[in-house]
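Chemist: Chain by chain, the residues run as shown.
There are 2 protein chains.
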Amino acid sequence: MASMRASPFEDYLAQIHADLRGVDSGELATYIPELARAAPDGFAISFATIDGQVYSVGDCATEFSIQSVSKPFAYAGALTQLGQAAVVEKVGVEPTGEAFNSIVLDQKNNRPFNPMVNSGAIAIASMAPGDNHEERIDRMRRLFSDFAGRELSIDQAVYRSEAETGHRNRAIAYLMLNTGMITRDPEEVLDLYFQQCALNVTTEDLALMGATLANNGVNPRTGKQLIGPEDVRDVLTLMMSCGMYDYAGEWSFDVGLPAKSGVSGGVVAVLPGQLAIAIWSPKLDEIGNSVRGVAACSRISRDFGLHLFMNAATVEDVVRRQARADQQPSLRIRNPRERDILAAEGHRIALVEIQGALYFASAERMIRTLDTLAEEVDCLILDFRRLNSLDAAATRFFNDFLARAAASGLEIAFAEVDGGGQGKREALAALAEANGVRQFRTVDSALEVYEEMILEKVREPFDHTRFSLDAIELFKGLDRTQLKQVEALVSLRQFEAGDTVLSRGDTGRVFYVVARGSVSVILPGDGSSAPTRVGCIGPGQFFGEMAVLEEGKRSADVVADERVVCYGLSAEDLSTLGTFDPRILSTLLGNMAREFATRMRRGNDLISSLK
Amino acid sequence: MASMRASPFEDYLAQIHADLRGVDSGELATYIPELARAAPDGFAISFATIDGQVYSVGDCATEFSIQSVSKPFAYAGALTQLGQAAVVEKVGVEPTGEAFNSIVLDQKNNRPFNPMVNSGAIAIASMAPGDNHEERIDRMRRLFSDFAGRELSIDQAVYRSEAETGHRNRAIAYLMLNTGMITRDPEEVLDLYFQQCALNVTTEDLALMGATLANNGVNPRTGKQLIGPEDVRDVLTLMMSCGMYDYAGEWSFDVGLPAKSGVSGGVVAVLPGQLAIAIWSPKLDEIGNSVRGVAACSRISRDFGLHLFMNAATVEDVVRRQARADQQPSLRIRNPRERDILAAEGHRIALVEIQGALYFASAERMIRTLDTLAEEVDCLILDFRRLNSLDAAATRFFNDFLARAAASGLEIAFAEVDGGGQGKREALAALAEANGVRQFRTVDSALEVYEEMILEKVREPFDHTRFSLDAIELFKGLDRTQLKQVEALVSLRQFEAGDTVLSRGDTGRVFYVVARGSVSVILPGDGSSAPTRVGCIGPGQFFGEMAVLEEGKRSADVVADERVVCYGLSAEDLSTLGTFDPRILSTLLGNMAREFATRMRRGNDLISSLK
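For the record, the sequence lines run as chains E and Z.
Numbering-wise, our numbering comes out as the position in the first sequence, counting from 1, plus 1324.
Numbering-wise, our numbering comes out as the position in the second sequence, counting from 1, plus 1324.
In short, the hints are calculated from the structure, not lab data.
Every residue, glycine too, gets a C-beta built ideally from N, C-alpha and C.
Don't take each hint at face value.
Covered, in the sense of this in silico footprint (three residues per stretch, anywhere, with C-beta under 8 Å from a C-beta of chain Z), are these stretches of chain E [stated by the list, open to error]: (1) 1345-1359; (2) 1445-1456; (3) 1529-1542; (4) 1711-1719; (5) 1897-1911.
Taking the hints into account, I'd like the entire structure generated from these sequences.
Modeler: Structural data, given as structure tokens:
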């Protein structure tokens, strides 16, 4: 195919960029002299997805100092390093109508109102862990670099400019020292805070930092878990209520995303679970937010319906598929009597495939489905191959369901618990352990075991002598003389448990009828996949016939499950039989075609049930 | 199966109820004398899912007056009836640190700060549409009844008590009249507001009202769309920032759900897209929130990780499955040469199944996948059977992708657009229309058409004369004399387009070989499903053999696609051939078994690719 032109997402960003380029209102920040040197017309938009894809337009390679956009990330660091209780004791969580650089403090609780105003951010800096000032600066810089996924440096000019002129912040720090809100040397605390604000970033950095919050604390590029989900929760909550200075009410009404802006003209907005948007344009409105930044976020949120409370994705149905063993039996090849029994009784075994994420509401819906099924079946096989995650709430209710199921005598099996993350695997293993649930590697092995439970109850005792030719379906319709002729031709072969009977890729010259024991048909794994058992063949059934009929190669390995006795018939034997008594061959081929027709009918049923 | 005991969700609610029963702090509201008559120990918890399942514990049948919990729903009504612009002009969206019954107004904008404080709610009441007071009251009562899904009545004693003693609200109303914030007769406005506050509800009502917000404005029980998604967005935003009086900061940090409380002790909290929780317990804390209500919400949110910013469900992969036509060909039964061509060239047709919801981030990921595929294939079939929804953002980007695809010459087909909601169907139809995309009812019909495109290019011109016996695979290996013997036995049958050749359920006595034209194998629908075309059989291929070999019933209908000429062979014919020259029968059965082996191998490949 001819290559198509650029992504629609870049096109879209370019469109917004072009539309808003003309917006020229606002003023450069002047309270830090160095900020007034920024290119007033600079303008970049980036967004980053939680799997690390970044789209950008405009001056996305231009570095600017992070300023107040650093506050949520510094807060995140404090929560992770010191714990929520210690942090909340020193810095509150209440929105305030005051300006970002207000000197007003929450006197009642003796702490700044929240960590998104300067007083709160300075208090957070005063808690930075480290043995000395240099170590604290180094840890701070490393934290931010981890969020951005690259080494960030400090803009020395901006830092010095702010250190020399930050009188108001100095006043705030000394006021907090006076009331005991901070206890360290205020000059050191301010120095750390000014260096933090002077970190150089691009919009791509900010987008990835925001995407780390969107991605439950894991940097999408490096895969490093920087902060826990509880810390993400607290940071996003305060970005939502206090991130845009006095504009918070309008912002949450209009844009509806947790966000943070800074006086250098940066804005980052986070759409949890999806992406982050970052904008840089240094001209600010009266409140101190980037004019184009606010306009772009508002436009993007509206265009895409990104508002947190807009069109909530409704709870997904985690039950991907239900089936019963009468429609979808195990791959074990059965004789006609077993088939009849399983066709009649297989409905007592249910197979349920679970997909997606199990959380409170999706678990509630799943358990309602399982409760209904539990009234109808004896065995329930849960296939977890497509389950991505289960959270604490889901685990709790699932555990309760399993305990009730165990008490009521319902047999439950877990299959395919190994895919997906470690958390899912461990949670399912613990649930199985606690409730006596049987675990199987594959759905098929669980199906086979439960089918055997049904067959055990009705099967005539099997004396383990080997099947004679006349008891085998394939030779049905042959008279005594014809059977003797076949008997004279077949070779009797014995295999021990684990022996390879057939190998994939070999030329097929012989097919076998099982007289005793059983064999498994196995597709060998390659580099990326494990071997898969695709079928099981027991007494009276034949295998290896496909390659013989098609004069082709074996399509799978066949391995003896136990000691196995087989009758082997080669292509030459068949041709000899045809010459000798063509009626033998036609009877045999007729039986084979009949068996094929039955297998195909089952295969077609399975295909329709899977589609 | 023996029935299992009650749901884990009721167990859980019972546990919380028991744990919090002992909490006895707080006071009954006294500012409306009638409220002081409530049973101080009353306590109920309900929750309702977005599909209308309700779980309850405690005094869930007890009615209480809704009071301030009515505010978000009255606001919702105003937004729907008057539009956002008209409402926001009269009532702001800014949180305020003031108490719920504060007389402070936003003088700058000449409006109450927000609709969750009394002044704002009274202003909303002043905008109620209706020709006269009675009609306004009736419309208000009907709105709330629609939210609850049952007829609600007004508690006359509470209404009269509030009307007689609501001096502070009267003061607020007259102050607003004075500043022009309201223009109607304040006594009528207050009367409507007091009647609204005196509506009787249970926790089950409140839970369903909240679940209507969680369900994007559609009542989960009645299915009625009461307000639009934009209104839901605005209501939830203000519940989040202003719903819990002065406790908003702590609440959003601790519980993190949009909520509203009232002085009668009711609280409703909404988890968008999932459920709503309602609690009633009349003892209030100093701020005016139900003590047990706050405690229960906090506990439930923590136990289940329901905080809005906790563990965001990450963007789902909407590409459920990818396949190519070489692994998953159409159901049309092909002759060996066609099979070989499609095995070699089928990889140029890709089939992609889309599932779940298409929104900004999931569409971005899907388009990335499709862009990669577009480099490798000529035809792309998109199966939308499992797509639930696509929003405006997804539609926009998808449209862009389709336009680029059309420009680059990529063939795109939409299949199965009919399932799911009307919105999805219409959006896909519009996308297809705008970009010249072909629509097919089933994936199989799309596959077949694209396969034909590949075959057309390489197929020898077909002269439409009928196949003679010696050109048919099934009779391969027969010599001239043997062919003559077969020819003498077979019956030549002709069918017209639409004729039923075989009927499901009939006893199978004859099988057919197609000499000219093609037939479709169709599973008849039942009450709940439409007929499904499961296969297509063309010249040289046979059908109807299964029932003949198994001596059973036809499993499907077979219908002529066009004028069809077939050779028919009955079970008796086969047996005659066997007696006459057994070599004919064995050759024929051998060919049949070989064909079966090939079909089964394809079936097994398809099964593994589907699993």
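Chemist: Go through the numbered hints given earlier and state which of them the structure violates, listing their numbers in rising order.
Modeler: 1, 2
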